[in-house]
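**Student:** Residue numbers (this note's numbering), protein chains in the order written: chain U, 1 to 511; chain P, 1 to 494.
Keep in mind that a hint or two might mislead.
Sample of chain U residues facing chain P (criterion: CB under 7 Å; computed from the structure) [unchecked claim]:
1. 224
2. 378
3. 391
4. 392
5. 401
6. 403
7. 407
8. 410
9. 414
10. 426
11. 429
12. 432
13. 459
14. 461
15. 463
Residues from chain P shown here face chain U by an in silico Cβ test under 8 Å; the list is partial [said to hold, decoys possible]:
16. 131
17. 142
18. 171
Below, a list of computed lysine-lysine pairs in the DSBU-like style, where the Cα atoms sit at most 35 Å apart [what the hints assert, rightly or not]:
19. U:287 / U:155
20. U:287 / P:158
21. U:144 / U:155
22. U:287 / P:154
23. P:21 / P:154
24. P:21 / P:477
Simulated from the structure, these hints should not be mistaken for laboratory data. The C-beta atom is built at its ideal place from N, Cα and C for all residues, glycine as well.
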Amino acid sequence: MELWAIIPELILGSLVLVLLPLGAFLSERHKAWATGLALAGLGAAGVASWVMLDWGTTPVFQGTYAVDPFAVYFKLFAVVATALTLLATVGRFKGRSQEGEVPALLILTCLGMVGLAASQNLALIVLFIQLVSVSSYTLTAVAKSSQLAAEGALKLFLFTAASGAALIYGMSLLYGLTGSLMLPEVAARLPASSRLVVLVALGLVLFGYGFKVTLVPFHGWAPDTYQGAPTPVAGFLAVGPKAAGLAVLLRTFQVGLPEELGVWPEWLAVLAAVTMTVGNLFALLQKSVKRLLAYSSIGQAGYLLVGVAAAAWHPLGVPAVLVYLAAYLFMELGAFLAVDAVERRIGSDDMDRMAGLGRRLPVPSLVLALSLLSLAGFPPLGGFFGKVLLFSAALGVGWTWLAAVMALNVTLSLAYFARVFERLYLRRGSTSRLESEPRLLRLSLGVLAAGSVWVGAFPQPWMALAEHSARLLRTTRQTVPHAESDAVRRSGEAHEPTPCEALPSGSPSCP
Amino acid sequence: MLSLLIFFPLVGVLVMYLLPKRVGRTVATVTSGVELALAGVMALLIDWSRGGVLQLEERVAWVPTLGASYHVAVDGLSVPLILLTALLTFLSLLYSGVEEERPPTFHAMFLVMETALIGLFSTQDLLLFYLFWEASLVPMYFIIGVWGHADRVKAALKFFLFTRLGGLALLLAILGLYLGVEPHTFDIPTLVRAQPYAGTSTAAALILLCFLIAFGIKLPVVPLHTWLPDAHTDAPTEGSVLLAGVLLKMGGYGLVRLALPTVGDMLAEWALVLAILAVVSGLYGAAVAMAQEDLKRLVAYSSVNHMAYVLLAVAVAAMLGAGSEARQAALTGAMYQLVAHGLTTGALFFLVGMIARRAGTREISKLSGLWGAVPVLGTVLAVVMFASLGLPGLAHFAAEVQIVLGALAVWWWAAAGMLLAVLLTTAMFVWTLQRVLMGRSDGLKGLKDLSAREGVTAAALLVLLVVLGIFPGPLAKLIEGATEQVRAAVLTRR
Numbered sequence: 001m002e003l004w005a006i007i008p009e010l011i012l013g014s015l016v017l018v019l020l021p022l023g024a025f026l027s028e029r030h031k032a033w034a035t036g037l038a039l040a041g042l043g044a045a046g047v048a049s050w051v052m053l054d055w056g057t058t059p060v061f062q063g064t065y066a067v068d069p070f071a072v073y074f075k076l077f078a079v080v081a082t083a084l085t086l087l088a089t090v091g092r093f094k095g096r097s098q099e100g101e102v103p104a105l106l107i108l109t110c111l112g113m114v115g116l117a118a119s120q121n122l123a124l125i126v127l128f129i130q131l132v133s134v135s136s137y138t139l140t141a142v143a144k145s146s147q148l149a150a151e152g153a154l155k156l157f158l159f160t161a162a163s164g165a166a167l168i169y170g171m172s173l174l175y176g177l178t179g180s181l182m183l184p185e186v187a188a189r190l191p192a193s194s195r196l197v198v199l200v201a202l203g204l205v206l207f208g209y210g211f212k213v214t215l216v217p218f219h220g221w222a223p224d225t226y227q228g229a230p231t232p233v234a235g236f237l238a239v240g241p242k243a244a245g246l247a248v249l250l251r252t253f254q255v256g257l258p259e260e261l262g263v264w265p266e267w268l269a270v271l272a273a274v275t276m277t278v279g280n281l282f283a284l285l286q287k288s289v290k291r292l293l294a295y296s297s298i299g300q301a302g303y304l305l306v307g308v309a310a311a312a313w314h315p316l317g318v319p320a321v322l323v324y325l326a327a328y329l330f331m332e333l334g335a336f337l338a339v340d341a342v343e344r345r346i347g348s349d350d351m352d353r354m355a356g357l358g359r360r361l362p363v364p365s366l367v368l369a370l371s372l373l374s375l376a377g378f379p380p381l382g383g384f385f386g387k388v389l390l391f392s393a394a395l396g397v398g399w400t401w402l403a404a405v406m407a408l409n410v411t412l413s414l415a416y417f418a419r420v421f422e423r424l425y426l427r428r429g430s431t432s433r434l435e436s437e438p439r440l441l442r443l444s445l446g447v448l449a450a451g452s453v454w455v456g457a458f459p460q461p462w463m464a465l466a467e468h469s470a471r472l473l474r475t476t477r478q479t480v481p482h483a484e485s486d487a488v489r490r491s492g493e494a495h496e497p498t499p500c501e502a503l504p505s506g507s508p509s510c511p
Numbered sequence: 001m002l003s004l005l006i007f008f009p010l011v012g013v014l015v016m017y018l019l020p021k022r023v024g025r026t027v028a029t030v031t032s033g034v035e036l037a038l039a040g041v042m043a044l045l046i047d048w049s050r051g052g053v054l055q056l057e058e059r060v061a062w063v064p065t066l067g068a069s070y071h072v073a074v075d076g077l078s079v080p081l082i083l084l085t086a087l088l089t090f091l092s093l094l095y096s097g098v099e100e101e102r103p104p105t106f107h108a109m110f111l112v113m114e115t116a117l118i119g120l121f122s123t124q125d126l127l128l129f130y131l132f133w134e135a136s137l138v139p140m141y142f143i144i145g146v147w148g149h150a151d152r153v154k155a156a157l158k159f160f161l162f163t164r165l166g167g168l169a170l171l172l173a174i175l176g177l178y179l180g181v182e183p184h185t186f187d188i189p190t191l192v193r194a195q196p197y198a199g200t201s202t203a204a205a206l207i208l209l210c211f212l213i214a215f216g217i218k219l220p221v222v223p224l225h226t227w228l229p230d231a232h233t234d235a236p237t238e239g240s241v242l243l244a245g246v247l248l249k250m251g252g253y254g255l256v257r258l259a260l261p262t263v264g265d266m267l268a269e270w271a272l273v274l275a276i277l278a279v280v281s282g283l284y285g286a287a288v289a290m291a292q293e294d295l296k297r298l299v300a301y302s303s304v305n306h307m308a309y310v311l312l313a314v315a316v317a318a319m320l321g322a323g324s325e326a327r328q329a330a331l332t333g334a335m336y337q338l339v340a341h342g343l344t345t346g347a348l349f350f351l352v353g354m355i356a357r358r359a360g361t362r363e364i365s366k367l368s369g370l371w372g373a374v375p376v377l378g379t380v381l382a383v384v385m386f387a388s389l390g391l392p393g394l395a396h397f398a399a400e401v402q403i404v405l406g407a408l409a410v411w412w413w414a415a416a417g418m419l420l421a422v423l424l425t426t427a428m429f430v431w432t433l434q435r436v437l438m439g440r441s442d443g444l445k446g447l448k449d450l451s452a453r454e455g456v457t458a459a460a461l462l463v464l465l466v467v468l469g470i471f472p473g474p475l476a477k478l479i480e481g482a483t484e485q486v487r488a489a490v491l492t493r494r
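My request is simple: use the sequences and hints to build the entire structure.
**Tutor:** Okay, structure coming up:
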């Protein structure tokens, strides 16, 4: 057995097993201990993952599970996102029966995300996607008495069922075509298959993943679920499962598909353009800040997909996605947690009730404004640097049209973010002072805001980490026995007219 | 030295929030005063006879994997604008509180913007340029939106969206340049030497288009100017001063610093269109200004007119076949125009603010006989307006003459169009002066003349306008050194 390779997973798993019964046994006064224990466990898992960054690339468990920096990066991502969410939920469910269970459910989702990012095997992917989904809709429905929560959870459940079916069908087609569930072998044997069937299979798989990443048209559940779920949970769902979905999307398309299958990057590029445009247009119409953030996160998924699409033809693609995800963790979670702080005090996330809030709740307002500025790509915040990388990747491939669409979308997003700034700072409202936010929530907000600034102003460590994590994902591919040599791959690319036509000569994808 | 100059205002912000609220304004004013002194020291440290050489250079790795570095240095293009920024920020903060008490955050916004602007004018790295470019936008949004006049929310939003669109176009152009050289780099001098987009090509055209959108919105050029009148009119006086005095200069600076040296050939290809746009902007700005009822809006539109000269100068400079003397004259004129306009329009917005505070209105029809009521204020207004219409001996004259002479060497009709615009501007300002200063001053009896703080603000700008008008030599020589460099870059390609 190669148990040493899954120490973080083992820590998380045993944490869940301890926390679930513990929640029932702890008395009211000691429920917070569960959170403390969970944080300690996350810390341990985080340290264990950090150590693994330098382990190189090793497939374990007969090649079904990858130990590579790419997977480790997402382990760290999941741990940090979960810990910050957990910190913000302390005391939120006080006196309610769910207080002991929320940490366990969050960690279960975290475990699912960690596994999803490392799976090299179609069956494992299905398993972990289900794990993330089940814990996600349980988390959404955790506020049992709320009608919105029930609606959100039900929607999520129905979408999960449909997309899960599509995913499994698509994967069974891939299995039927290649006789293997292993991604590298699928890649090696796929070229011999009927092209039409391959495309149908890919479309179905994309349905399954796209639901997690909230790609249009698989995004319908997101606004209702985010609005219904407890706000920190909504933030967590907008960040964690989306990142995990992108991770598995990247791995499947990078490792599991042969390069000759040239069309998919362009499909993804078109899908990215559609996703960001739809998300941003609908965000313009929202009154509820949570729904606004939900639609904006759909737009963000579109930006991220640009990187995924470009990753096929440009070396900057994967690092761009990874850095953008780090920035996204800080800004999206920061925005949701800030809204949570606001909601706890004024009892609503309606934009119009936030007039003049900048003076009444200074810290959450500031973090909300900062996070939104980052989402809109203002320097020196993380969203700025992430977008620079995504734009570079798109232009590097030669997708000038996609860069232009994205630029227009970013401008569009400012139009609805500005409506929030207007409420917070420009409009005058009630001036009565509100009780300031709980201390741990403020700590969480502080960390997230600092993270946004860090990624944007001093991006070098993030860039280095992302390049480290991205490079090794590619080496996974080269260990495949039947993989073509570099030269063959390049010539395969040369048949594609698009990448090298429009823009600069000399970019690595254009020999 | 340069880093200190760039980031010192942020230190002031920090100190402001550590000390009690009531000293906020004082701390901010002192900070900007020290910053002005630092800018002065910087001006003394550099060699004025070598404006074309990058001086006080500093370079630290920033994102080495992307080829972006913290690279700052100044030359003849940046020094005048840095001095202008430091001066106008200081005067704005000095003036703040004259109209109404402002909270510390208001002053903090000015200091943040000062850092962004001085950083922008001194950076030699494209990514850093973009960073500072966008960083100047957010404080201005809040200055207009929170402390502005009647329609502030709408004006702020318009400003935000327009300039943001421009900012993203700038980013695309920058990334286009970045990807054009191997190894990729954001370093401006390296890019200018490498000339990845010499000649005309689709890529060069796209990059130029993005540059023109970005800088055209800032400058602004008709038809991208619609944000300007609202933003300038509804911003608080201090905001308008900085907006018109410095922020518009970013557009002109960008054209000369980035567009001309990198995609100059393409620019030459499109020069005719740009010249037409410039003449249209010049005439339009003057004509529309004449129709304004609101004194502040009038000043705002006059900016459209003045900035048109800069675009014309760039078009002339890019144009093939122009005698190189004329080309350089035009470019030097453009940079000189930026400084002169910063001073005059800054002064005009201050004066309009002073008038509005006294008379309670900015409507020209309700103002009359200002000269009789407040003679000093009236006189200053008259002198500044004369400067603005290009009276010889005052700052604008030298700049506009050079640009028109440059234009004459290429397109006689452009020069003629600009002369017509000068005529219109003259008529507009003289007519305004006649309406505002002359006449009966019944409604304005008993108004106080300039206070000490107002007097210092006005006097500083007035003195500089006269000095730059009478002795354009030293500054022009500094700028000339740099524009010669730009021209050399354009020429080596051919």
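**Student:** Could you tell me which of the numbered hints above are not met by this structure, giving the numbers in increasing order?
**Tutor:** Failing hints, ascending: 1, 5, 11, 12, 14, 24.
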